[in-house]
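Start from the sequences and build out the full structure, keeping to the hints where you can.
There are 4 protein chains.
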Amino acid sequence: MLLPVETATNVLTTRFLAIRTQTEAICQPLQPEDTVVQPIVDVSPPKWHLAHTTWFFETFILQPHQPDYAVFHPKYNYLFNSYYNSIGSRVLRNQRGTLTRPNLQEVYQYRAYVNEQMQEFLTKASAEKLAEIAPVFELGLQHEQQHQELLITDIKYILSTNPLLPAYLPKQTKTVYSEALKPEMLPVKGGIHEIGYPGTDFCFDNELGVHKVYVDDFKIMNRLVTNGEYLEFMQAGGYEDFRHWLGEGFELAKTEHWQAPLYWVQHEDKWQHFTLHGLEEIDLHAPVTHISFYEANAYATWAGKRLLTEFEWEIACKQFHPDPANGNFLESKNFGTLPAKNTEGCAQLLGDLWEWTYSAYHPYPNYSKAPGALGEYNGKFMINQMVLRGGSCATPQSHIRPTYRNFFHPDKRWQFTGIRLAE
Amino acid sequence: MLLPVETATNVLTTRFLAIRTQTEAICQPLQPEDTVVQPIVDVSPPKWHLAHTTWFFETFILQPHQPDYAVFHPKYNYLFNSYYNSIGSRVLRNQRGTLTRPNLQEVYQYRAYVNEQMQEFLTKASAEKLAEIAPVFELGLQHEQQHQELLITDIKYILSTNPLLPAYLPKQTKTVYSEALKPEMLPVKGGIHEIGYPGTDFCFDNELGVHKVYVDDFKIMNRLVTNGEYLEFMQAGGYEDFRHWLGEGFELAKTEHWQAPLYWVQHEDKWQHFTLHGLEEIDLHAPVTHISFYEANAYATWAGKRLLTEFEWEIACKQFHPDPANGNFLESKNFGTLPAKNTEGCAQLLGDLWEWTYSAYHPYPNYSKAPGALGEYNGKFMINQMVLRGGSCATPQSHIRPTYRNFFHPDKRWQFTGIRLAE
Amino acid sequence: MLLPVETATNVLTTRFLAIRTQTEAICQPLQPEDTVVQPIVDVSPPKWHLAHTTWFFETFILQPHQPDYAVFHPKYNYLFNSYYNSIGSRVLRNQRGTLTRPNLQEVYQYRAYVNEQMQEFLTKASAEKLAEIAPVFELGLQHEQQHQELLITDIKYILSTNPLLPAYLPKQTKTVYSEALKPEMLPVKGGIHEIGYPGTDFCFDNELGVHKVYVDDFKIMNRLVTNGEYLEFMQAGGYEDFRHWLGEGFELAKTEHWQAPLYWVQHEDKWQHFTLHGLEEIDLHAPVTHISFYEANAYATWAGKRLLTEFEWEIACKQFHPDPANGNFLESKNFGTLPAKNTEGCAQLLGDLWEWTYSAYHPYPNYSKAPGALGEYNGKFMINQMVLRGGSCATPQSHIRPTYRNFFHPDKRWQFTGIRLAE
Amino acid sequence: MLLPVETATNVLTTRFLAIRTQTEAICQPLQPEDTVVQPIVDVSPPKWHLAHTTWFFETFILQPHQPDYAVFHPKYNYLFNSYYNSIGSRVLRNQRGTLTRPNLQEVYQYRAYVNEQMQEFLTKASAEKLAEIAPVFELGLQHEQQHQELLITDIKYILSTNPLLPAYLPKQTKTVYSEALKPEMLPVKGGIHEIGYPGTDFCFDNELGVHKVYVDDFKIMNRLVTNGEYLEFMQAGGYEDFRHWLGEGFELAKTEHWQAPLYWVQHEDKWQHFTLHGLEEIDLHAPVTHISFYEANAYATWAGKRLLTEFEWEIACKQFHPDPANGNFLESKNFGTLPAKNTEGCAQLLGDLWEWTYSAYHPYPNYSKAPGALGEYNGKFMINQMVLRGGSCATPQSHIRPTYRNFFHPDKRWQFTGIRLAE
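The listed protein sequences derive, respectively, from chains V, W, Y and Z.
Quick note: the first sequence uses this note's numbering, first residue 94, plus one each step.
Quick note: the second sequence uses this note's numbering, first residue 94, plus one each step.
Quick note: the third sequence uses this note's numbering, first residue 94, plus one each step.
Quick note: the fourth sequence uses this note's numbering, first residue 94, plus one each step.
Do not take every clue at face value.
Note that the list lumps identical chains together, so a pair holds whenever it fits in one copy or between two copies.
Stated by the list, open to error - In the DSSO-like style, the derived pairs of lysine-lysine whose C-alpha atoms are separated by at most 30 Å in a straight line are:
(1) Lys473 with Lys505
(2) Lys398 with Lys305
(3) Lys168 with Lys347
(4) Lys473 with Lys398
(5) Lys505 with Lys275
Simulated from the structure, these hints should not be mistaken for lab results.
Below, the structure is given as structure tokens:
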């Protein structure tokens with residue numbers, strides 16, 4: 094069913110502008126210099142994120158669908174294509190941090206131009222045209238939300254490399270809990286379950302191929318592992334004892350001299366950590382974050398437990414916490430973790446931290462790539478990465494679902510990642 | 094139930110000597126110089142394999158169980174420990190090819206010494222002692238069989254790097270089939286299946302944790318993909334078209350200039366390949382081998398099919414071909430692939446080639462590592478590798494089972510790997 | 094003899110401010126984003142140059158000599174120390190491009206603060222104090238002039254990596270010569286010559302140890318090698334023929350796919366080059382620049398000539414062109430090379446381009462390092478580098494002398510380097 | 094003047110066979126396995142040295158000058174060409190250690206075949222032909238002597254990487270000196286001196302271009318720096334104090350964790366070193382060896398002295414010790430250093446150790462490369478390397494002269510290198 098054009102246009106325009114504005118709000122505290130650099134290949138310059146999300150709408154909506162559309166600049170496709178081979182050659186990913194031009198102001202002009210053109214397009218498009226572009230339009234919005242999360246984590250990394258340890262924002266007051274939620278292993282009933290997104294709203298192609306999975310009964314911890322618990326692992330020599338570790342993880346930890354999560358620094362025998370509010374004391378009751386899959390798995394082994402599979406996680410989430418309302422998300426503006434609230438059931442499943450699962454990021458049965466460039470969105474990454482579930486304090490709340498599959502290589506630490514135990 | 098000591102001793106000794114002798118028979122065609130080098134880190138020098146398999150019995154049987162056992166040489170533990178952190182420090186893996194001493198003759202003396210000591214130990218051990226050491230003794234034999242396969246593949250690689258292209262052995266006559274078995278997609282019934290080794294004989298710990306898995310109905314091709322079929326992929330520009338490839342695979346193929354399987358060389362517009370019998374014409378009807386997971390998956394995508402999961406493969410193997418008898422194994426002495434015979438059912442499941450599956454090598458539910466050093470045998474590798482199934486023309490026949498899980502990183506090509514399609 | 098304090102102060106202050114202002118004038122056309130990045134390790138961010146030259150005065154004048162001096166920021170020593178081990182730990186050289194803070198405006202505040210403090214110091218200092226700090230004060234000014242040149246070459250490199258090919262400045266009209274000066278080999282008389290700086294004004298320690306050198310009679314070309322001449326070398330297959338090249342140079346040229354000088358790009362069979370005014374036609378009569386020592390030497394070999402030694406160069410310069418007046422220097426604001434004027438004698442010796450000599454950068458006899466941190470200024474670089482002579486179009490005119498020894502590794506191309514032939 | 098053919102033939106044949114036999118005598122203590130490996134790229138497998146020196150005679154004498162000469166094997170040119178681009182493509186230098194074939198026995202057959210063919214050629218050649226090939230024949234012999242030295246140093250390195258620390262040969266008794274020769278700085282008169290080989294016998298092209306050099310008066314130490322003296326430098330923290338070091342040397346020493354010369358190992362607070370006779374106590378009176386240029390220069394700086402230039406060294410050698418008789422050379426079979434004898438004048442100038450000079454390896458004035466492949470012998474290496482003088486305990490005595498220029502990169506340590514001080 095098609096919405097009346099005018100209504101549809103209003104809904105789409107409002108949502109479009111809300112998300113576009115949110116991206117710029119994230120960058121508002123930055124100085125132009127902050128938006129240029131790429132200290133490691135994983136981290137893209139904020140200026141690049143601002144332009145690349147704009148390029149998406151220009152390339153996949155305006156160019157094919159807006160008659161006589163004039164691109165803002167003929168070389169921006171080369172500059173701001175991320176990884177779409179179908180769309181032609183591009184700046185190498187590891188060279189993004191050398192591009193000083195267009196400068197930040199020009200990138201904002203690019204955003205304004207595309208925003209205007211999009212508004213005009215949405216206003217003038219027929220109901221059929223709106224229906225035709227709906228999937229890619231929605232993908233563009235979801236894509237921009239993904240980059241909102243990356244902006245937060247990339248800004249954190251960029252500022253962290255600076256010996257001046259600058260804060261992104263001054264700290265807001267936040268609720269302090271007097272103690273951590275007591276850990277408890279909650280039973281979940283096994284059997285055959287349906288996995289994958291069953292609805293008709295937007296989801297990514299990697300959630301499709303709804304299919305049956307059999308799992309045994311299992312137990313899941315009622316909250317994430319805390320900084321205090323992780324510190325015990327560290328103090329018990331966890332980083333030195335190969336028996337807890339996967340081989341490649343242990344070698345990497347040695348090579349990289351890992352002794353603690355990323356952003357932790359030891360100062361006169363006391364651990365602190367760099368946050369988006371600058372250097373801070375560690376809250377022992379808040380969940381530990383910025384750990385790799387290797388560390389998550391080593392911790393679980395040391396604790397005599399294990400990580401969940403992505404299927405177990407999805408089953409538990411659908412049972413305990415299918416709705417993201419009230420979670421610790423981007424909109425909460427904590428820009429970091431909070432201790433688990435003393436809720437019934439299972440805390441922190443949606444929001445707070447992406448939870449490493451012991452599942453490789455592979456296609457579901459019957460997975461099929463979209464044709465054309467957008468087929469490169471997810472499918473080509475389905476090797477050598479692990480699935481993370483649940484969203485984080487940097488994820489927009491409207492972006493997450495119990496079936497959402499995020500994925501990173503097992504050595505990555507700069508995302509808001511966490512540990513949930515099972516047995 | 095314990096066997097009468099004498100009988101048990103005879104059985105064990107006979108089997109021990111048969112496997113030990115087989116290892117030396119594999120190395121018999123080599124010259125001392127061939128046994129020293131390590132052209133890439135994956136490939137170990139044959140001399141090292143000969144010593145390392147011997148070290149296993151010395152370290153895990155003779156030293157702990159034979160009273161007053163005198164080690165053959167006090168530094169051999171340091172030299173021939175492969176990756177057991179529990180057993181102490183060792184020569185770095187990438188330095189194995191610098192060790193010219195002990196020389197080949199001394200390594201054979203080491204083997205003879207340990208063989209004698211093992212025979213004496215088996216002869217004198219009580220029934221209780223035999224029962225106690227039985228698991229690790231059997232593991233030692235299975236371990237040596239694994240190294241027999243590695244000897245074949247490593248020898249092939251070593252000889253292949255030599256511009257003289259020396260043959261390992263002259264070619265035996267082998268049956269020639271006038272044409273390839275016609276490809277057919279055989280249906281397999283889905284539902285809940287039991288996965289893992291259900292018996293009481295030896296299996297590796299990674300096959301345990303028998304558990305239920307649900308799969309949908311699927312179809313499996315009745316033979317492996319042939320050289321002729323793979324050549325069509327090559328000629329259709331398969332190595333140049335990113336759409337068929339996983340992203341990391343395509344980048345690697347570009348960086349490494351892959352244009353064909355490993356060992357294929359183009360000579361005046363005609364492809365040949367290096368084999369253990371020297372340079373040979375390519376048999377278009379024989380299965381294609383020495384391809385990475387990336388190539389296997391790209392081929393399957395191009396062909397409009399997919400690879401199997403390891404669960405589907407195991408279900409199909411148990412149904413079509415549970416018994417390795419009559420397969421193309423090490424004992425067949427083909428040292429290479431053969432065209433599929435025109436059998437009923439599904440050809441080449443056991444033997445010929447290890448089949449890449451689209452399953453990551455992860456622990457089964459309820460997997461538990463053995464305590465002590467042998468816990469390092471399998472568990473610590475359970476990340477970043479893909480499962481291969483079915484054994485190859487370099488695998489000893491008595492070493493394989495339908496539940497056997499082999500594993501390599503998705504970029505590896507020097508093993509006898511192959512492609513089976515599903516849909 | 095000490096100058097009257099007031100006069101001395103005025104002279105020093107005037108010179109100090111002139112040089113400090115000149116540095117900022119160089120950066121004036123840049124946008125904040127341009128001043129942050131470090132596309133290769135050789136190239137430092139302009140913001141870093143601005144701060145590091147300031148740090149020099151703070152560290153070597155104000156901190157030791159100005160009582161109660163308060164450093165502008167306690168961490169700036171860590172951030173802006175370049176390579177002085179004596180002064181403590183510092184940001185790794187290859188991490189300069191990750192520092193977004195202090196931002197450009199804060200760096201200018203730092204400059205203003207130190208400038209004020211320096212003026213106050215110079216005003217209040219006694220004649221004895223002025224005499225005491227005179228050498229390091231002068232070194233600070235010369236040091237800043239060196240960074241002025243580096244600013245020009247680093248800005249050029251930074252802009253060149255941008256696919257938008259932005260100009261640093263629009264082009265000024267420049268004199269056009271209808272043809273190149275006809276090449277001529279000018280004879281120079283050999284024998285024993287004095288080498289090194291003989292005067293009492295400022296020179297670097299690497300010019301000292303005035304000493305005798307014997308050279309045979311030789312001939313020197315009356316101008317630098319032109320783009321047109323170099324193009325002949327290219328078109329004759331010069332980059333492909335190993336016979337002209339030093340072994341390590343040829344291997345590097347192959348690995349890096351060198352086909353032309355740095356910044357040359359081929360567009361529809363026509364060579365252009367990126368300049369500080371953007372992409373331009375190549376002036377065949379202007380000297381070729383941005384070539385490595387390897388290319389300079391390969392060209393000379395191909396041309397049947399050779400490069401000069403640094404001693405021959407110095408002898409010739411003292412004879413033909415001891416005075417930098419009227420050369421093509423930074424102050425000429427050409428920011429690039431010009432064809433040789435039809436002068437008497439030997440053109441382009443001072444200014445235009447640094448001329449690669451076939452002399453390693455080693456200490457002169459009786460060379461002695463200064464005590465303390467400033468001993469690290471030159472001495473520790475006296476290995477693996479080649480001497481360049483004469484200054485370039487990016488060198489401040491007052492900075493150069495016939496005895497001046499510049500030095501770079503033989504593979505470097507981003508400086509304004511050129512070729513002069515001898516026989 | 095031509096010798097009577099028969100006499101010339103006898104002289105040439107005798108010398109040829111003597112040198113060829115000497116090479117094989119060096120390899121006689123090795124086992125086949127020792128002759129294959131290449132633990133670092135600098136070190137070639139002994140089997141390769143044996144074949145490459147043979148290839149030289151086949152390629153430069155027999156193929157061009159012996160009518161109807163049949164090469165021993167058509168692929169050996171590809172296998173055993175070292176670096177002559179003129180002679181065609183070849184095995185990459187870093188791949189020499191992967192070549193197990195031809196095996197050692199086949200390489201000896203290759204040597205025997207070429208020896209026979211050479212003898213036949215020398216017997217049958219006319220006086221004119223002998224005169225024509227004389228230069229390249231002599232070069233072949235000198236070349237083989239160079240590889241004799243490399244065989245010794247490469248064998249030492251290969252055995253040293255083995256944890257069994259095998260000896261090349263058991264130790265011979267050697268004269269023990271009760272104490273080191275007292276160090277003394279001997280004055281040498283400066284002025285204009287002639288540098289380069291002035292005679293008519295064989296010398297390398299890099300010694301030619303006899304030319305005048307001016308040096309000031311200088312002083313030279315009467316012996317090499319001893320292990321005991323170097324140990325003082327180590328114990329004074331020499332490896333930790335950047336002030337003594339060239340910058341690139343200090344960084345390398347940190348990266349490589351250098352704490353002592355190559356082959357020194359600390360065992361229970363006592364230093365020992367690996368020698369060709371196995372692990373040994375360090376003789377405090379013997380000269381220190383296996384140090385890089387960086388270490389040599391750091392030692393000299395620490396000691397308040399300096400290294401010599403190659404010109405000073407040559408002048409001193411011609412004055413004090415022009416004749417290699419009675420030096421510690423390969424023929425002495427010490428395979429290591431000896432304390433300086435209490436001689437008059439300046440000890441250890443020829444023999445014992447190659448002495449690092451602070452002179453880059455550049456062409457002499459008027460240096461000219463030979464035409465054709467042999468022009469690649471020396472000239473293309475004239476960059477980034479330092480000159481060493483005097484020969485070592487691994488150099489054949491008849492191979493050395495006061496004008497002989499050896500050269501290595503300043504980081505190399507596996508040659509028999511030493512330190513002589515000047516001031």
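Results for each hint:
1. Lys473 with Lys505: Both, since 19 Å and 19 Å are each at most 30 Å.
2. Lys398 with Lys305: Classified as both: same-chain Cα gap 26 Å, cross-chain 21 Å, threshold 30 Å.
3. Lys168 with Lys347: between (43 Å within a copy, 25 Å between copies)
4. Lys473 with Lys398: between (32 Å within a copy, 16 Å between copies)
5. Lys505 with Lys275: within (29 Å within a copy, 46 Å between copies)
Taken one by one, the earlier hints all hold for this structure without exception.
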